[in-house]
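What follows is each chain in one-letter form.
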Amino acid sequence: MSTPLRACIAGAALTEFSRDSGRSAERLAIEVATAACLDAGVDPTVIDGIVPFPHGPTAEDLMAGLGLPDVRFSGVPHLGGASSVAGLRLAAMAVTAGQADYVLCFVARNGRSSSRVEQRVATLLPGQRYRRNLENPQGMNSPAQWYSLICRRHMHEFGTTRAHLAEVALTMRAHAQLNEHAQMYGRPMTMEQYMSGRPIADPYWLYDCCLETDGAGAVLITSADRAKDGPHRPVHLAGMAEGHADSADDIVNRRDIFNTGLTKAAPRAFGMAGVTPSDVDAAMIYDCFTFEVIQQLEEAGFCPRGGGGDLVADGGIALGGRLPVNPHGGLLSEGHIAGMNHVVEAVTQLRGDAGRRQVPDAEVVAVTGWGDMGDGALAVLTV
Amino acid sequence: MSTATELTTAPPLPDPADQMLAGYWEAVARGELVVQECGSCAAPQWPPRAGCGTCGLSDLGWRRVAGTGTLFTWTTVHHTTIEYYKPALPFALAAVELDDAPVRMLGRVRGVHPDQLSIDQPLTVVYESVAPGVTLPVWEPR
Ligand SMILES: [Zn+2]
Chain A
1186 MSTPLRACIA GAALTEFSRD SGRSAERLAI EVATAACLDA GVDPTVIDGI VPFPHGPTAE
1246 DLMAGLGLPD VRFSGVPHLG GASSVAGLRL AAMAVTAGQA DYVLCFVARN GRSSSRVEQR
1306 VATLLPGQRY RRNLENPQGM NSPAQWYSLI CRRHMHEFGT TRAHLAEVAL TMRAHAQLNE
1366 HAQMYGRPMT MEQYMSGRPI ADPYWLYDCC LETDGAGAVL ITSADRAKDG PHRPVHLAGM
1426 AEGHADSADD IVNRRDIFNT GLTKAAPRAF GMAGVTPSDV DAAMIYDCFT FEVIQQLEEA
1486 GFCPRGGGGD LVADGGIALG GRLPVNPHGG LLSEGHIAGM NHVVEAVTQL RGDAGRRQVP
1546 DAEVVAVTGW GDMGDGALAV LTV
Chain B
6 MSTATELTTA PPLPDPADQM LAGYWEAVAR GELVVQECGS CAAPQWPPRA GCGTCGLSDL
66 GWRRVAGTGT LFTWTTVHHT TIEYYKPALP FALAAVELDD APVRMLGRVR GVHPDQLSID
126 QPLTVVYESV APGVTLPVWE PR
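Those protein sequences? They're chains A and B, same order as listed. Counting from 1, position 21 in the first sequence corresponds to residue 1206 in the working numbering; the numbering is continuous, with no gaps. Counting from 1, position 9 in the second sequence corresponds to residue 14 in the working numbering; the numbering is continuous, with no gaps.
So that you can see chain A by itself, here it is in the shape it has in the complex (with noise of 0.2 Å):
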């Protein structure tokens, strides 16, 4: 087991979410650190460490914005959709070794409105040469193409259906309607609407894709003891740890199609924390699509490979079930900036804020990230 990094979640903030934020990424950026500073107590000067999101607006960005005077750590994680959770470990690390005492971390982005999903793939995934020369000509060239091709597998193998995938994204919607900060709040969804969807690449269908979004957020990281004199109970980064999935640059090739990062990251980052998937009180899985929800819950350990649809099904991950996931709603109904919208609900349910969509008495709360072509982290996060 690794030695447990001492660094806590002081500051956490959101802009608004929305189809077009009418500026640029950048300034949302400066926007969002700021608040997550002011949300910490502390001035935005203090800031020493970046960790930007590998696609967007840069540490440099954040320097010369916020006119920091002395930024003496950055570090880009590249683990696409999975670097908002794998950039607190690198965080923590910093801090914990003493080479930064305020360290943020942040995702901003004109998802909908400037650089839309194709764009970023174009670029940010690993394995370029076969997306390039074997996929793109044979006309493969999305998320949803690749991942659907995980999910009909295992609908074959265990018997997982449309309805287990409807699950997902009726619970996600359904909890949007609790959040008004959510895109999808004020917009609830039906069995009838979810399947009226028209087919994207089947077995995913409109409804089973998460959102675009212009839009951006941030945690401010720092030790403990400076955490403590903050205004808000300090977030424990109790376990963190990023893995890389067998066949990391070809999903086709991975002859256990269902190994992900997140299969060899969750028992290290659980382990690191002392607790078991039983202990979690909420979880914020990546919702990139709804199926990956129910891949990441078994791969994670919340239970066997195979019982993911048993698990969603029949209330099982709403508010009040047997493990409650997203009550933000997740990318699948509040909005999609790479997860870091999942890591600040998992501060504001453990800080007890979270009003009418609180877990109660949350105090263990895992958070994962799914990323390029399976790349996975997962932190857990207590108070």
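Quick caveat, the hints were computed from the structure, so don't treat them as lab data. Any given hint could turn out to be false.
[Stated by the list, open to error] Footprint (simulated), chain B over chain A, 3 or more residues, beta carbon under 8 Å: (1) 1309-1323; (2) 1334-1345; (3) 1385-1399; (4) 1436-1444.
[What the hints assert, rightly or not] The following residues of chain B were derived to be distant from chain A, with all beta-carbon distances above 10 Å: (5) Cys57; (6) Trp67; (7) Thr75; (8) Val117; (9) His118.
The beta carbon of each residue, even a glycine, is placed where N, CA and C say it ideally should be.
With chain A fixed as given, assemble chain B with the ligand onto it according to the hints.
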């Protein structure tokens, strides 16, 4: 307007200068299918890589395969941003488990409606010209 014309008359084309895949495209042009093979441990691998995933740094060559396999999984594409493929919607993209090497190849399936596909069904490779001098291996039921 030449850009729009190119977009609709060809799919995204492979990079002819890519050295790692050159032997594969040469085989396809001859109407043959190959996988990469390690010169030290003889392990086949796909996609081709710069080293052997079994034993590391070694000389890598090619092994001809029969071009038959079974359907491991597929996705049915109903929406595409690639102009060339819009008239072909819906079409299936399959992961094909080869009969004579432990690898899977990604390819379009033709000659059958996607609704008629089933996991483990036998497929065979055929070659389809998509642009002057560019042939792609695609799959049909057998
Ligand atoms: Zn070898």
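Structure-based check of all given hints:
For the segment 1309-1323 of chain A, the stated coverage by chain B is satisfied: 10 residues place a CB nearer than 8 Å to a CB of that chain, which reaches the threshold of 3. With 5 residues carrying a beta carbon less than 8 Å from a beta carbon of chain B, the segment 1334-1345 of chain A meets the three-residue requirement, and the given coverage holds. Coverage of the segment 1385-1399 of chain A by chain B holds in this model, with 5 residues showing a Cβ closer than 8 Å to a Cβ of that chain against a need of three. Chain B is given as covering the segment 1436-1444 of chain A, and this holds because 4 residues of the stretch bring a CB closer than 8 Å to a CB of that chain, at least three being needed.
Every beta carbon of chain A lies more than 10 Å from that of Cys57 of chain B, the smallest distance being close to 14 Å; the non-interface claim holds. Listed as a non-interface residue, Trp67 of chain B keeps its Cβ farther than 10 Å from every Cβ of chain A; the least gap is roughly 15 Å. Taking the minimum C-beta to C-beta distance to chain A, about 12 Å, the non-interface status of Thr75 of chain B holds against the 10 Å cut. With a least beta-carbon separation of about 15 Å from chain A, Val117 of chain B lies farther than 10 Å from that chain, consistent with its non-interface assignment.
With a closest Cβ-Cβ approach of about 12 Å to chain A, His118 of chain B is found to remain outside the 10 Å limit, as its non-interface label requires.
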